[in-house]
Amino acid sequence: MSTGTDTKSTVVEAEADRADGGRPPAPAPVREPAPVRESAPVREAAPVRESAPVREPAPAPPAPAAPAAPAVLRAVARWLRAAALRSAAIVALLALWEAAPRLGLVDSTFLPPVSEVAGAWWELAGNGQLAEHTQASLVRSFGGFGIAVVVAVPLGLLIGWYRPVAVLLGPLLEVFRNTAALALLPVFVLLLGIGETSKVSIVVYACVWPILLNTISAVGNADPTLVRLARSMDLSTPKLFQKVILPASVPAIFTGIRLAGAVSILVLVAAEMIGAKAGLGYLINASQFNFAIPEMYAGIVTISAIGVAFNQLLVSVERRLSLWRVPA
Amino acid sequence: MAKIVFESVTKTFPGKQAKGRRAGAPGGGAFTALDGVDLEIRAGEFVVVVGPSGCGKSTLLDLLGGLARPTSGRILLDGEPVTGPGLDRGIVFQQYALLPWRTALGNIEFGLEATGVPRRERKERAREFLDLVGLAGFEDRHPHELSGGMRQRVAIARSLAYDPDVLLMDEPFAALDAQTRESLQDELRRIWQRTGKTVVFITHGIEEAVYLGQRVAVMTSRPGRIKETVPVSFGDRATGAGGEELRSSPEFARYRHEIWTLLHDEVARARQLEKEEATV
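Sequences listed follow chains L and C, in order. In this text, residue positions in the first sequence follow UniProt numbering: the first is 1, and each later residue adds one. In this text, residue positions in the second sequence follow UniProt numbering: the first is 1, and each later residue adds one.
Fair warning: there could be bad hints in the mix.
Selected chain L positions facing chain C (Cβ under 7 Å, derived; list incomplete) [what the hints assert, rightly or not]: (1) LEU229; (2) MET233; (3) LEU235.
Rather than coming from a laboratory, the hints here were simulated on the basis of the structure. Each residue gets a CB set at the ideal place from its N, CA and C atoms; glycine is no exception.
From just these sequences and the hints, can you work out the full model?
In structure tokens, the structure reads:
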């Protein structure tokens with residue numbers, strides 16, 4: 001659950017950041033970071049706006065020695081320029097979001113300016129509602145995701161290892177994978193009711209396929225020469241698995257896990273829109289019913305932020321686990 | 001007493017294994033890779049097997065390594081029939097077969113883990129063998145950070161580290177450029193002289209065969225048989241002559257020509273076979 005709170009705090013900061021950054025309208029987005037360059041504390045905050053987990057090592061050089069200072073400054077400048085470049089599109093979107101309703105290009109009732117949404121978000125965050133809904137969502141989403149990982153990885157390893165089983169089950173798995181999980185939501189509701197069980201189950205179901213299929217193919221694609229090597233050294237099958245197949249499969253398995261991470265949030269939100277009393281999906285839906293449009297957008301933004309943060313977290317773990325991969 | 005004995009070893013694959021070449025093979029699509037191979041190898045000997053492509057050289061090595069079973073005949077190692085893989089034989093593959101997620105040192109330790117060498121000793125031993133193949137200082141490099149020649153050195157060190165009696169090498173230098181190959185050949189000879197291992201080395205390079213082998217076994221094209229074994233001895237090899245000096249000697253040229261003549265017909269025949277299969 002520590003990941004949950006981590007992401008949450010990241011999200012909160014990222015949101016706050018975004019809300020501030022969005023206020024000045026269109027023209028200045030790229031120049032924005034320039035004055036920041038001198039002041040250390042703000043620089044600390046900057047990486048949060050970016051992909052926080054991946055960039056961790058980057059802000060390390062805060063002036064180590066005097067002679068190296070110009071080089072460090074140049075590096076910081078380069079980094080800031082890259083950060084500005086990468087956030088430009090998002091800043092532009094926020095600016096457009098702010099400007100369009102104010103200029104009357106869209107009906108501000110249905111698309112309130114981003115500053116108003118930020119205000120609503122701040123209020124929701126302040127009165128604890130946001131935390132409550134986010135927690136409800138994350139528990140379900142991570143719970144289902146976790147169960148899926150624990151179930152699908154070992155199962156995938158087994159199926160992948162016994163080639164005939166993989167051949168036998170392959171078409172069936174394809175059918176399941178290509179049946180949109182949400183299409184089965186009514187079935188889950190019928191069988192498991194509208195409580196937590198059906199919601200977590202649908203997340204598990206949706207997350208299992210990408211992980212399972214990626215794991216199976218990872219095992220199948222393990223370098224046959226390495227398998228021959230291990231066999232020539234008379235390694236037992238469990239040892240072969242532990243020392244060759246599993247490490248060789250980690251990158252591909254993790255790709256599946258990352259896909260599942262995205263799916264877990266996607267499916268959950270949809271599930272929460274049908275019969276739930278808490279959760280971000282519920283918040284969005286209920287806000288729409290009550291015509292609390294800024295709150296609705298606040299919920300949407302929160303979900304997208306959680307999605308991005310979770311994905312970044314998984315990407316950085318993936319990168320760490322597959323450092324040995326030949327840089328493609 | 002012979003270390004390794006092949007007794008009329010035959011290996012046939014069912015049709016499917018012949019990579020869809022069913023049409024070219026007679027009788028229900030069975031594919032005969034080896035047909036009655038007889039060969040004796042003494043302990044500590046360096047034997048090179050040469051043959052045209054597709055003659056079953058690698059099958060021969062697989063059988064000796066215990067990765068496959070002969071269809072008929074048998075292979076004796078120290079008088080005992082080979083029934084499976086074992087750590088008394090180390091294989092060096094053409095594609096290096098290094099574990100890409102392990103460092104050079106870790107790859108060498110991989111072999112030692114299989115033998116149950118205690119953890120502390122492993123690192124020390126691995127370092128020692130990395131040093132033997134001239135890669136001291138590259139302990140922490142991953143395979144993708146090493147050149148082809150270095151990778152093969154690591155693979156050789158890995159096979160040597162768990163101290164097998166027999167080293168089986170399947171075209172280990174085929175993927176390397178000429179300079180790297182020659183330097184690795186020298187290195188291998190040096191290592192062989194130092195460690196006294198029995199080496200079975202497979203190649204399709206005639207010069208490599210003459211340079212490395214004490215005996216060169218020439219195989220026929222498919223189905224593979226041993227056509228002839230040629231003992232190679234240079235008067236001055238014992239004195240440590242090597243490299244260019246040896247390669248340019250008249251004796252070397254004579255051996256080279258002898259084996260070339262033996263192989264020539266087989267290569268032509270193999271090519272003919274391939275052509276026929278391609279047109280069917």
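(message) Checking each numbered hint in turn, tell me which of them this model violates, lowest number first.
(response) none
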